[in-house]
Amino acid sequence: MKYGYYPGCSLERNAIAYHRSAMAVADALDIEFVEVDDWNCCGATEYISIDALPAYALVARNLALASQQKQNGNGNQLVAPCSACYLNLQKTNHYMADSPELAQQVNTALQAGGLNYDPGSVRVRHLLDILTQDVGYDAVAEKVTKPLYNLRIAPYYGCLIVRPGFDDTYHNPEYPTCLDELMRKLGATVVDYPVKTHCCGGHMTQISEPVALDLIRRLLKNAADYQADAIVTLCPMCQLNLDGYQEAVNKHFGTNYQIPILYFTQLMGLAFGIKPKKLGFGKEFVDARPALAKIEAEPPKKPKKRKRPPKEALPMPNLTEGM
Amino acid sequence: MSTKEKIGVYICHCGSNIAGMVDVEDVAKWSGEELADEGVIVARDYQFMCSSLGQELIEDDIKEKGLTRVVVGACSPHLHEATFRGACQRAGLNPFLCEMVSLREQVSWVLTDKKVATAKSKALVAGGVERVALHEPLEPLTVPIHPATLVVGGGIAGIQAALEIADSGHHVYLVERDPSIGGHMAQFDKTFPTLDCSACILTPKMVSAGNHPNITLLSWSEVEQVDGYVGNFTATIRKKARYIDEDLCTGCGVCIEKCPKKVIDNVFEAGLGYHKAVDRPFPQAVPKYPVIDKDNCIYFQRGKCRACEIFCPTKAIDFEQEDELIQVQVGNIILATGFDLFDSRRIPQYGYGRLANVFTSLEFERMCNAAGPTNGQVVLRDGVTQPKSVAIVHCVGSRDKNYNSYCSNICCMQSLKFAHLVKERTGAEVYNFYIDMRTIFKDYEEFYQKVLSEGVHFIRGRVAEITDAAREPGEEDKLIVQAEDTFIGKQRRIPVDMVVLSAGLEPRSDSKEVGHTFGISCSMNGWFTEKHPKLDPVATMTEGIFIAGACQGPKDIPASVAQGAAAAARVLGRINQGELALEPVRASVIEELCSGCRICNTLCPFNAISFDTVRKITEINAALCQGCGTCVAACPSEAITGTQFSNAQVLAQLDGLLMLDFSGKPVRQLHPELVPA
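Residue numbers (this note's numbering), protein chains in the order written: chain S, 1 to 323; chain U, 1 to 677.
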């Protein structure tokens with residue numbers, strides 16, 4: 001499998017662990033990522049709110065470069081591991097297709113650099129989408145050599161990849177389950193994480209720290225309430241906020257959370273038997289080692305006898321049937 | 001083309017409906033002058049052609065000028081074709097020599113440029129004139145009406161329809177898929193807005209239907225196939241094996257008592273209670289005979305047990321019983337197949353199935369029912385604890401483009417009823433989350449005011465999520481309902497013990513297949529389509545098939561009963577006529593041309609086409625055919641022709657529209673406004 005690859009700025013610095021683990025996992029799964037030559041910043045979450053046209057032009061330059069690239073493989077697909085980059089690329093791609101006027105303005109801007117972009121000619125995908133849909137759960141399960149038995153994981157999707165639900169990729173944008181399923185294939189125990197698509201605060205840490213800290217606290221608290229050993233994320237922004245500000249949250253609220261925040265690709269790599277060093281472990285602020293030490297070689301034993309509910313209790317609805 | 005026919009053209013103003021966009025006087029004048037060669041000898045315009053004065057205009061011209069054909073340019077034939085055919089008939093002209101062209105629905109209502117509208121009107125009139133010249137006089141078909149009726153679905157709408165017909169002395173076959181009639185209404189405790197006991201008003205009707213000498217009740221049965229046509233249907237009904245001999249069973253219930261196997265009842269108890277492997281849905285079931293649930297019966301699964309058989313005092317248990325196919329002859333059919341509840345698991349952020357104390361509306365109905373799993377106690381999933389606070393969420397799966405965009409009609413009143421019942425039985429704080437409060441029928445608004453005065457809290461805002469993720473003190477171990485209160489413009493988080501989801505109504509999951517079996521169509525959503533949304537709500541486009549109740553769209557009990565009675569009245573009208581005149585607009589097969597390719601066989605939406613396997617040709621049942629023309633267009637050998645839709649007629653109409661003569665040469669300038677750029 002071959003895809004165009006847009007790493008985005010974060011993957012080169014604070015999310016280097018994401019980049020390394022993604023590459024290692026891709027290698028193990030025979031995926032070839034061809035990095036877009038001379039790509040630029042996607043404008044992150046701010047630029048579009050400040051001045052839309054230059055923001056779209058900034059993103060469209062990357063799409064134009066990607067569309068010229070010959071080695072993107074089938075269907076001219078561009079993979080972005082960072083949720084913010086993914087959303088910006090998707091938005092630009094869709095809004096240019098919806099509005100010929102915007103497309104024309106953006107292309108006028110691109111002409112200055114001798115570029116042109118035909119909206120929709122590149123298909124933008126998120127890394128999680130590729131690994132769950134194109135590669136598939138079964139192919140991932142086949143590669144697992146060191147299952148993550150007994151590790152309790154809170155799957156955190158963040159708010160950027162699921163909404164506004166372009167191409168209907170995540171089935172249910174309010175309650176996606178693909179990351180849950182992927183983690184289960186690695187042998188991990190996935191806890192119900194009702195805040196899975198709630199906001200991490202984004203750049204609110206720079207604008208109004210108390211607001212951001214409260215948003216981060218909710219995510220940590222919920223994971224702690226469900227006794228998760230780690231939160232798994234797929235977005236550099238989320239990872240930075242939950243990991244880098246965990247200490248600040250503890251200070252602010254008098255709590256003592258010590259929950260490592262890991263990229264889903266790191267755990268995939270670990271389960272594939274790739275050396276932790278190659279996966280960027282050790283870069284995190286909250287030490288992942290105590291959590292990883294809980295991994296056991298044997299799957300957790302199922303309780304022999306299911307606890308019988310009291311006679312007067314009403315039956316629970318069947319969750320899977322009819323879904 | 002010249003013709004020997006004398007044609008009159010009549011252009012209606014329809015007040016300003018047509019005249020506001022079309023220069024009607026110009027169209028009439030043009031028709032009289034330009035279409036004179038085509039046989040038009042008189043062309044008039046009039047303010048309301050459908051009025052008695054307008055009709056008399058046509059009648060007088062037929063008598064005085066000897067018109068042999070009439071073209072009326074007015075509204076859609078759906079609305080007034082019968083009117084103008086009647087006028088022709090009164091004046092002694094065969095009604096099928098009248099052609100309508102739609103200058104309102106197809107011109108004035110859809111165009112915005114008067115010049116274009118006028119030009120298009122002229123083209124349509126020219127088409128009508130060319131076509132009508134080739135019309136032939138037709139005589140209507142008459143078919144006798146079999147006096148028996150098939151009612152499908154034994155909910156309140158079906159029961160009502162069956163009783164109305166049976167009471168007037170005609171026979172009814174009432175077919176019900178479940179072991180007992182009663183439908184959803186049998187599951188409820190109280191009914192809004194009067195709060196009378198559902199069972200108290202329903203069971204007498206069920207018993208009447210069960211005992212009525214004119215009703216053959218076929219429960220635990222399904223209609224498999226319908227052949228024939230209005231007045232003379234043959235329905236094939238599968239009577240599923242109960243494994244109980246109805247002639248011997250006294251309904252004593254010993255088998256139920258002795259059966260050792262208990263399973264969750266997902267149908268009648270909505271998953272909240274249990275039933276035995278041999279059981280009836282509820283003690284007042286009609287008929288009283290239980291059914292053995294083969295999938296859960298220990299004997300059927302493991303070959304041992306037979307406890308029911310051992311204890312049955314009348315030897316009514318029959319493990320060897322098989323499904324039975326019954327054929328009945330009926331003249332008319334009423335479908336009252338009801339609705340399914342929206343599956344709340346489709347909205348995972350509402351937590352149904354994940355969070356124990358989130359309940360659906362049907363679960364809550366069973367909980368409130370004195371004969372239900374909790375004997376009418378409002379309790380949490382543990383079966384003991386009374387809630388101190390309850391949230392009721394309206395519009396679950398309704399008015400939401402992600403699920404169903406329509407309003408489910410009953411949920412506002414149902415939710416108000418729930419609020420009242422919670423207050424009455426637990427005294428808990430109740431929070432109703434709604435989008436708009438729709439309490440539009442008689443005494444409904446008064447009920448809303450009553451519930452308001454009971455101290456129920458109303459929060460106007462769609463619920464974003466229901467979660468157990470506590471954020472603040474006071475939220476621990478509660479369900480938190482988050483919604484934007486749109487009156488104060490703020491997000492609110494209300495911690496409660498229990499949530500009831502007022503799930504919307506959906507068409508039956510198999511409504512499209514059922515529609516196909518009976519030859520009627522469904523809307524995009526899957527609700528059965530009525531013949532006219534306002535003026536013919538219980539008839540369908542297929543003669544002899546009527547619909548009643550929630551199978552046509554979400555409806556409460558009063559509306560379902562009204563429709564059941566209305567459908568019965570329509571059927572009784574038919575039965576009293578004795579025979580029925582059918583539109584003679586029909587397709588027929590020219591046998592010499594039919595190659596037996598069978599392309600048309602599967603296309604007919606009315607099941608009117610059959611194949612003669614001996615002669616290897618297709619046949620069309622004239623009484624079943626509705627003249628839609630699908631097969632005519634599909635036939636590669638031009639072997640099917642439609643009366644009123646023959647190739648010659650349609651081509652002539654096209655020539656008129658395009659202003660061409662029969663050889664394809666233009667005879668007149670096509671109006672410049674209509675020439676494609």
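It is worth saying that the hints were derived from the structure and are not from the lab. Where is the CB? At the ideal position from N, CA and C, for every residue including glycine. A couple of the hints might just be wrong.
[Claimed, not checked] To give an idea of the chain U side of the interface with chain S (calculated C-beta under 8 Å), a few residues: (1) Asp382; (2) Gly383; (3) Gln386.
Structure-based check of all given hints:
Against a cut-off of 8 Å between C-beta atoms, the interface hint on Asp382 (chain U) holds, since the closest Cβ of chain S lies about 5 Å away. Taking 8 Å as the C-beta contact cut-off toward chain S, the hint placing Gly383 (chain U) at the interface holds, the least distance being around 4 Å. At about 13 Å, the closest approach between the beta carbon of Gln386 (chain U) and any beta carbon in chain S exceeds 8 Å, and the interface hint on this residue is violated.
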